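Novice: As a plain string of letters, each chain reads:
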Amino acid sequence: GAGVSQSPRYKVAKRGQDVALRCDPISGHVSLFWYQQALGQGPEFLTYFQNEAQLDKSGLPSDRFFAERPEGSVSTLKIQRTQQEDSAVYLCASSSHKPGQGAKRSSYNEQFFGPGTRLTVL
Amino acid sequence: AQSVTQLDSHVSVSEGTPVLLRCNYSSSYSPSLFWYVQHPNKGLQLLLKYTSAATLVKGINGFEAEFKKSETSFHLTKPSAHMSDAAEYFCVVRGVSGGYNKLIFGAGTRLAVHP
Numbered sequence: 002g003a004g005v006s007q008s009p010r011y012k013v014a015k016r017g018q019d020v021a022l023r024c025d026p027i028s029g030h031v032s033l034f035w036y037q038q039a040l041g042q043g044p045e046f047l048t049y050f051q052n053e054a055q056l057d058k059s060g061l062p063s064d065r066f067f068a069e070r071p072e073g074s075v076s077t078l079k080i081q082r083t084q085q086e087d088s089a090v091y092l093c094a095s096s097s098h099k100p101g102q103g104a105k106r107s108s109y110n111e112q113f114f115g116p117g118t119r120l121t122v123l
Numbered sequence: 038a039q040s041v042t043q044l045d046s047h048v049s050v051s052e053g054t055p056v057l058l059r060c061n062y063s064s065s066y067s068p069s070l071f072w073y074v075q076h077p078n079k080g081l082q083l084l085l086k087y088t089s090a091a092t093l094v095k096g097i098n099g100f101e102a103e104f105k106k107s108e109t110s111f112h113l114t115k116p117s118a119h120m121s122d123a124a125e126y127f128c129v130v131r132g133v134s135g136g137y138n139k140l141i142f143g144a145g146t147r148l149a150v151h152p
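Residue numbers (my numbering), protein chains in the order written: chain A, 2 to 123; chain B, 38 to 152.
Calculated directly from the structure, the hints in this document are not laboratory data. Owing to the predicted nature of the structure, the values given are computational and were not obtained by experimental measurement. Wrong hints could be hidden among the right ones.
[Said to hold, decoys possible] One-sided excerpt, in silico: chain A residues whose CB lies under 8 Å from chain B:
1) 5
2) 44
3) 46
4) 96
5) 111
6) 112
7) 114
8) 115
9) 116
C-beta atoms are modelled at their ideal positions from N, C-alpha and C, and glycine is treated no differently.
Based on the sequences and whatever the hints tell you, model everything.
Specialist: Following this line, the structure appears as structure tokens:
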């Protein structure tokens with residue numbers, strides 16, 4: 002079956018431009034996560050959706066970053082007025098997590114990752 | 038707060054020799070720990086997970102990891118390296134907040150396998 006897909010795979014933007022990155026999760030997955038992976042680093046959490054509700058956006062680095070998932074499936078991460086420090090790989094992951102189960106250690110629902118979008122800001 | 042530290046940024050082994058990738062964790066309670074692998078131009082893939090069952094966890098492709106609470110370690114091992122094992126490996130701890138699974142990644146260890 003189809004996994005998580007992301008588009009575009011590569012994006013080059015001039016400093017100050019706005020960009021939009023798309024994530025198509027696995028069909029039926031309730032949870033969707035965005036991570037940012039800087040060069041030579043591990044991914045860092047940005048934001049989390051449960052269906053269309055954005056329940057955690059504590060990892061978004063500034064108010065230039067905005068994410069949405071209006072119909073509870075496809076999600077878009079938007080970065081306004083891009084800066085050079087925004088250059089990174091942006092990863093999307095989805096899981097079949099259902100509300101109320103996440104706190105149980107044994108009930109981990111695997112997060113399936115997309116291939117990422119590599120953003121380069123010149 | 039939870040965190041993981043990967044002790045080696047690069048590991049190089051010869052094909053057919055053992056692999057050891059080291060990870061220490063910090064957690065205020067008994068953690069859920071994972072190893073993910075990232076091949077170039079591919080998505081992160083779950084290798085194995087520890088969620089308080091057996092302390093020796095077996096994963097895919099012959100990898101395994103042992104949870105040692107006394108040493109706060111979760112090292113990844115494989116008896117015999119294969120060329121296809123060359124990739125970036127991440128030790129990950131689950132941060133449980135608000136009832137969902139937020140993952141906290143280490144900085145990664147790049148594994149090189151030489152003929």
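Novice: The structure should be examined with respect to each hint, and the outcome stated for every one.
Specialist: Evaluated hints:
no., hint, result
1, 5, "holds, 7 Å"
2, 44, "holds, 5 Å"
3, 46, "holds, 5 Å"
4, 96, "holds, 7 Å"
5, 111, "holds, 6 Å"
6, 112, "holds, 6 Å"
7, 114, "holds, 4 Å"
8, 115, "holds, 5 Å"
9, 116, "holds, 5 Å"
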